[in-house]
Amino acid sequence: MPTLAANLKAFQGLKTDLFEKDFLLTWEHPEEELRAIITLADTLKTLHKQGKSFRAFDTGLAISIFRDNSTRTRFSFASAANAMGLGLSDLDEEKSQVAHGETVRETANMISFLTEVIGIRDDMFLGEGHTYMKEVGDALTDGANHDVLHRRPSIINLQCDVDHPTQAMADLAWLKEHFGSLEALKGKKIAMTWAYSPSYGKPLSVPQGIIGLMTRFGMDLRLAHPEGYDLIPEVVALAGKQALKSGGKFSVSNSMDEAFKGADIVYPKSWAPYHVMERRTELLKTSDQAGLKQLEKECLANNAKHKDWECTRAKMDLTAEKKALYMHCLPADITDVSCKAGEVSAEVFEQYRIPTYQEAAYKPFIISALMFLTRLKDPGAKLEQIIKRSQNLSL
Amino acid sequence: MPTLAANLKAFQGLKTDLFEKDFLLTWEHPEEELRAIITLADTLKTLHKQGKSFRAFDTGLAISIFRDNSTRTRFSFASAANAMGLGLSDLDEEKSQVAHGETVRETANMISFLTEVIGIRDDMFLGEGHTYMKEVGDALTDGANHDVLHRRPSIINLQCDVDHPTQAMADLAWLKEHFGSLEALKGKKIAMTWAYSPSYGKPLSVPQGIIGLMTRFGMDLRLAHPEGYDLIPEVVALAGKQALKSGGKFSVSNSMDEAFKGADIVYPKSWAPYHVMERRTELLKTSDQAGLKQLEKECLANNAKHKDWECTRAKMDLTAEKKALYMHCLPADITDVSCKAGEVSAEVFEQYRIPTYQEAAYKPFIISALMFLTRLKDPGAKLEQIIKRSQNLSL
Amino acid sequence: MPTLAANLKAFQGLKTDLFEKDFLLTWEHPEEELRAIITLADTLKTLHKQGKSFRAFDTGLAISIFRDNSTRTRFSFASAANAMGLGLSDLDEEKSQVAHGETVRETANMISFLTEVIGIRDDMFLGEGHTYMKEVGDALTDGANHDVLHRRPSIINLQCDVDHPTQAMADLAWLKEHFGSLEALKGKKIAMTWAYSPSYGKPLSVPQGIIGLMTRFGMDLRLAHPEGYDLIPEVVALAGKQALKSGGKFSVSNSMDEAFKGADIVYPKSWAPYHVMERRTELLKTSDQAGLKQLEKECLANNAKHKDWECTRAKMDLTAEKKALYMHCLPADITDVSCKAGEVSAEVFEQYRIPTYQEAAYKPFIISALMFLTRLKDPGAKLEQIIKRSQNLSL
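Protein chains in written order, with the working numbering: chain A, 263 to 657; chain B, 263 to 657; chain C, 263 to 657.
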């Protein structure tokens, strides 16, 4: 890993324009900005490993809004806020409520008078999560323009219906560490595949986040899923365009084996088909419990046809030198451990358990980096100050 | 807005006696103290606008006890605690439980060993909220006298059955900003009126807080409500006395139009009649669900007779130059937006939406000022130190 | 109470080996370490009384996991974390869920990337709580060994099925204050007795914690309970051995009177019999509601036979000079106050109410001391620095 000094120099050489902005979809941000985030996250991780504080604020609030359950992202956000010197407050809504309009506009302002960052998870409703975040953002801009808010807080997307950018960026940071550099990722074959799970209704945001991000770094991305398990078409189209531009490749198939063949990285993960999530959103909106039960039944039956989409030893043997890097956002559905039949065999998971933890370890630092970049006018100068301070500290 | 230096000088010239005291009802405090709170809140708001920290503590706990739902006051309290440097902990009781006696005495001490401030909302039960806060306060005094507590924490009333002092003080700070000074409020006509709402059982503490506070600053206060929608008689009597003493006026009528005529400020807001809240408390105490259903039915039917108590364009046209300042503690029941028929028309609310947000923006700073004054022995010296520190800080 | 300087010198003279370790059972730690914890807690309490901060960290997370209700321990942990400079995050599991294996291993790591301390209460299931804490600890060690965690967080047992070490240590600190020194406890007669309560299923950890700790300081410990109300046999055996080694005494009887006769200290407290808690654990594991109802019924009937196990004035008159120190972990079941018939009469409780509060007051400082000792490499040097700093601070 580069020294703090080298990291600082690299970071100061990268241009970012995130001050008082939001971070909702990775593809809305130039590659240089993403490199800056990764470089900063690496630097903060190094500081933490050395036992040095990277606190950047004296006070200030970080608010989390979780419209779906979360453990690891919740604690990543809490950890990042704390490390930055921000206090954490959770806005505890009814989880299933889709509030819009006046309420969103008003609440966004009412909670933000002394707030720096708002982290939002809203991934339950296809067509809703991203829209909701934009609405909150517009309300904050409106409040700041009218001097209701002294400073416009920044929104960090902690998973929506379209993207899961802190996950995808943590994954990228982990790939950078594993392969040595972002440049080393060029040409690497990554299989983002569907996998069987006994549950249904898992969001599309992880696979979409992966194809929407990794195609920008020259990787050979193979998306694979059973027929009918499509992702949002716009994101798939975007991934194709990005791969072309970055000198990478992007293909979609209905064969797990094909995707795994010769792969350097595999990311087998269950999700619900796009059109199912659309129907589900409509049913949830009208609280149609019978309809939801029926949909779940259909889906589980459909899933059950694809139990062979499991990441087994045999599947891993198809990959490059039979030892592709296995990735997962966790928790994985592990066959014979967390369920009878799942996304991955116990043997394969156990072999890669520690690497998946190391993958996850990046998330709090990615979120810290996003807080740093969205709230500080001159992040390069501040980072320099923090690194200098850290060298004078003794425990 | 005055400079920080002018504000500091003004603040240091005002005498306060709040150290380790509670803030439960505005009328228990001399006018000079209220002026000091407003001046300090203004100063802290200016510091925040300049991006300067006004942190006053290294560590310490601020506890919130919400015996009723809250979003904006909850976040105001959280923001203030964080800005002051205090950690926030929420005591999560059963919301509807009316605990008294031994339990209150013991719990008050058990949560307070390292606690600086306790914020309490208890507005559901007429005759209970204020009593509960006094009980907690007595227990804390007892604990401090017996050296159980090294320091007696201060209680901040975040809304009780009698007063909503942080709301009323934020409203006063906003009026001061809007009209230029507290002196400019002398003679201003303010209509505190009931308004129609499709819900029932709204607390009396906001209108009571307004008539209990604004009558002390020489205003011409017109309280208006339909027959039978009385406030607690003692508070109404107090408002009359205070108006007399401050050179203001205080009148009660059953006509919204009369109150609005020539008004400089209007505050149309729904509440439940005093005697209904008394009956409701009895029913809630005995968990008489049938009785509660019946009372709600009666009340809603009664309310429905007064749908014309809505703040419409026509009503606003009765006010001074047709453009009185519209105020509300939020959220308002907005006709055709949050309900079919409500307290205010969509047109009037939208016109005054931003001003109501600016009104709300004062609450975290009022609460910060209360924490500052109740916990610091020499608040004038501390504020001077904070302002000096802020001028040497660079981001 | 000794001066800060004397305390510091005493503390620096005591050897501890707690850095990055857990604190699960007092009897796993040498007496010297327990003395260091008590000395440090005293010192931090003195600092707080003087209005001085003993903050030791800039940032860092303290996580609490409460698998059972708690008010006083919850706030003690929150207060300690805040005083140390750590941010608090609560992991909110389903309270009755007994998670094991993969989930524990993964979750322990996922919440710990920037975490210093994890406080756990898990006292509902005999045979489970301590086991769970060990499992979490093993997972953290595994994570630290594989560089998933930069530092291994420390676990503080906030009550398990076997011990309640922060309670027992707070009790010991209070006894030290009350009698002047730990040496003064030698030969003191302490009656740890069962007492009647109208509830059932109260954990065994408090009496076990008391007999497991106080027998190490040369006390004459008399355990008394009705026939059949046994504690875990291993802990009883351990208490006996420890008493022998420390020059104290340990006896078990079925007579409250016998235990009280000539006692210097009495600790009457209800608990459920060992074998009942075993049956209860089995029933809870299988969610056997009917079985649980039946067990509760049997137990309450059994308890009711022992209503005379109440700490009354007459019972107190049996103690040394009729004025033994009454202790309780609170809340007590007080006859005619919190229930019709309980552990203690209203008169006796009221007489000793303030002393029980003073007993409780030690808990946040014990937990602070544990955080200090488990997270700082050179706690002696850090304490010296904090005391010096405190002498230059002005408010």
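Any given hint might turn out to be false.
Pairs of lysine-lysine residues, derived as BS3-like cross-links and limited to a Cα-Cα distance of at most 30 Å, are as follows [unchecked claim]:
1. Lys-271/C / Lys-650/B
2. Lys-644/C / Lys-644/A
3. Lys-639/B / Lys-283/C
4. Lys-311/C / Lys-283/B
5. Lys-602/C / Lys-311/A
6. Lys-639/B / Lys-639/A
7. Lys-283/B / Lys-644/C
8. Lys-547/A / Lys-311/B
9. Lys-314/B / Lys-314/C
10. Lys-547/B / Lys-602/C
11. Lys-650/A / Lys-602/C
12. Lys-314/A / Lys-271/B
13. Lys-555/C / Lys-639/B
14. Lys-314/C / Lys-271/B
15. Lys-650/B / Lys-277/A
16. Lys-464/C / Lys-555/A
17. Lys-644/A / Lys-569/B
18. Lys-602/B / Lys-639/A
19. Lys-464/A / Lys-547/C
20. Lys-314/A / Lys-639/C
21. Lys-311/A / Lys-555/C
22. Lys-271/C / Lys-644/B
23. Lys-650/B / Lys-602/C
24. Lys-314/C / Lys-314/A
25. Lys-650/C / Lys-559/A
26. Lys-650/B / Lys-555/C
27. Lys-602/A / Lys-555/C
28. Lys-503/C / Lys-396/B
29. Lys-283/A / Lys-271/B
30. Lys-277/A / Lys-271/B
31. Lys-644/C / Lys-644/B
32. Lys-314/A / Lys-547/C
33. Lys-547/B / Lys-650/A
34. Lys-271/A / Lys-547/B
35. Lys-547/B / Lys-555/C
36. Lys-283/A / Lys-283/B
37. Lys-644/C / Lys-639/B
38. Lys-644/B / Lys-283/C
39. Lys-314/A / Lys-555/C
40. Lys-271/C / Lys-314/A
In short, the hints are calculated from the structure, not lab data.
A quick look at each hint next to the structure:
This hinted pair does not check out: Lys-271/C and Lys-650/B have alpha carbons roughly 38 Å apart, beyond 30 Å. Under the criterion of a C-alpha separation no larger than 30 Å, the hint pairing Lys-644/C with Lys-644/A is consistent with the structure, at around 28 Å. A hinted pair counts as satisfied when its Cα atoms are at most 30 Å apart, and Lys-639/B with Lys-283/C does not qualify at roughly 40 Å. Under the criterion of a C-alpha separation no larger than 30 Å, the hint pairing Lys-311/C with Lys-283/B is consistent with the structure, at around 18 Å.
Proposed proximity of Lys-602/C and Lys-311/A is contradicted: the alpha carbons are some 57 Å apart, above 30 Å. Among the hinted pairs, Lys-639/B with Lys-639/A is inconsistent with the structure: their alpha-carbon atoms are about 36 Å apart, more than 30 Å. Between Lys-283/B and Lys-644/C the CA atoms are separated by roughly 35 Å; this puts the pair beyond 30 Å, and the hint is violated. Taking the CA atoms of Lys-547/A and Lys-311/B, the gap is near 40 Å; set against the 30 Å cutoff, the hint is violated.
For the hint linking Lys-314/B to Lys-314/C, the alpha-carbon distance of about 25 Å falls within 30 Å, and the restraint holds. Taking the CA atoms of Lys-547/B and Lys-602/C, the gap is about 21 Å. The hint holds against a cut of 30 Å. Of the supplied pair hints, the one linking Lys-650/A and Lys-602/C is violated, its CA atoms being roughly 66 Å apart against a limit of 30 Å. The hinted pair formed by Lys-314/A and Lys-271/B fails the criterion: a straight-line CA distance of about 41 Å is larger than 30 Å.
Between Lys-555/C and Lys-639/B the alpha-carbon distance is near 56 Å, which puts this suggested pair outside the 30 Å criterion. Distance hint between Lys-314/C and Lys-271/B is fulfilled; the C-alpha atoms sit about 29 Å from each other, no more than 30 Å. This hinted pair does not check out: Lys-650/B and Lys-277/A have alpha carbons roughly 34 Å apart, beyond 30 Å. The suggested pairing of Lys-464/C with Lys-555/A is violated, with an alpha-carbon distance near 41 Å, which exceeds 30 Å.
A distance of roughly 58 Å separates the Cα atoms of Lys-644/A and Lys-569/B; the hinted pair therefore is violated under the 30 Å criterion. A hinted pair counts as satisfied when its Cα atoms are at most 30 Å apart, and Lys-602/B with Lys-639/A does not qualify at roughly 46 Å. For the proposed pair Lys-464/A and Lys-547/C, the alpha carbon gap of about 29 Å is at most 30 Å, so the pair holds. For the hint linking Lys-314/A to Lys-639/C, the alpha-carbon distance of about 14 Å falls within 30 Å, and the restraint holds.
Under the criterion of a C-alpha separation no larger than 30 Å, the hint pairing Lys-311/A with Lys-555/C is inconsistent with the structure, at around 52 Å. This hinted pair does not check out: Lys-271/C and Lys-644/B have alpha carbons roughly 34 Å apart, beyond 30 Å. Proposed proximity of Lys-650/B and Lys-602/C is contradicted: the alpha carbons are some 61 Å apart, above 30 Å. Straight-line distance between C-alpha atoms of Lys-314/C and Lys-314/A comes to about 25 Å, which keeps the hinted pair within the 30 Å bound.
Only pairs whose Cα atoms come within 30 Å are accepted, and Lys-650/C paired with Lys-559/A is rejected, the gap being roughly 68 Å. The suggested pairing of Lys-650/B with Lys-555/C is violated, with an alpha-carbon distance near 66 Å, which exceeds 30 Å. At most 30 Å may separate the alpha-carbon atoms for a hinted pair to count; Lys-602/A and Lys-555/C exceed this at roughly 33 Å. Restraint check: the Cα-Cα separation between Lys-503/C and Lys-396/B comes to about 51 Å, which exceeds 30 Å; the hinted pair is violated.
Between Lys-283/A and Lys-271/B, the direct Cα distance comes to roughly 38 Å. Violation of the 30 Å bound is thereby established for this hinted pair. Simply put, Lys-277/A and Lys-271/B have alpha-carbon atoms about 44 Å apart, too far for the 30 Å limit, and the pair is violated. The hinted pair formed by Lys-644/C and Lys-644/B meets the criterion: a straight-line CA distance of about 28 Å does not exceed 30 Å. Under the criterion of a C-alpha separation no larger than 30 Å, the hint pairing Lys-314/A with Lys-547/C is inconsistent with the structure, at around 44 Å.
A C-alpha spacing of about 62 Å is found between Lys-547/B and Lys-650/A, which places the hinted pair above 30 Å, so the restraint is violated. Between Lys-271/A and Lys-547/B, the direct Cα distance comes to roughly 67 Å. Violation of the 30 Å bound is thereby established for this hinted pair. Taken as a hint, the Lys-547/B and Lys-555/C pair is honoured in the structure, with Cα atoms around 29 Å apart against an allowance of 30 Å. Taking the CA atoms of Lys-283/A and Lys-283/B, the gap is about 42 Å. The hint is violated against a cut of 30 Å.
For the suggested pair Lys-644/C and Lys-639/B, the alpha carbons sit about 29 Å apart, so the restraint of at most 30 Å is met. Distance restraint check for Lys-644/B and Lys-283/C: the Cα-Cα separation of roughly 40 Å exceeds the 30 Å cut-off, and the hinted pair is therefore not satisfied. This hinted pair does not check out: Lys-314/A and Lys-555/C have alpha carbons roughly 54 Å apart, beyond 30 Å. Taken as a hint, the Lys-271/C and Lys-314/A pair is honoured in the structure, with Cα atoms around 29 Å apart against an allowance of 30 Å.
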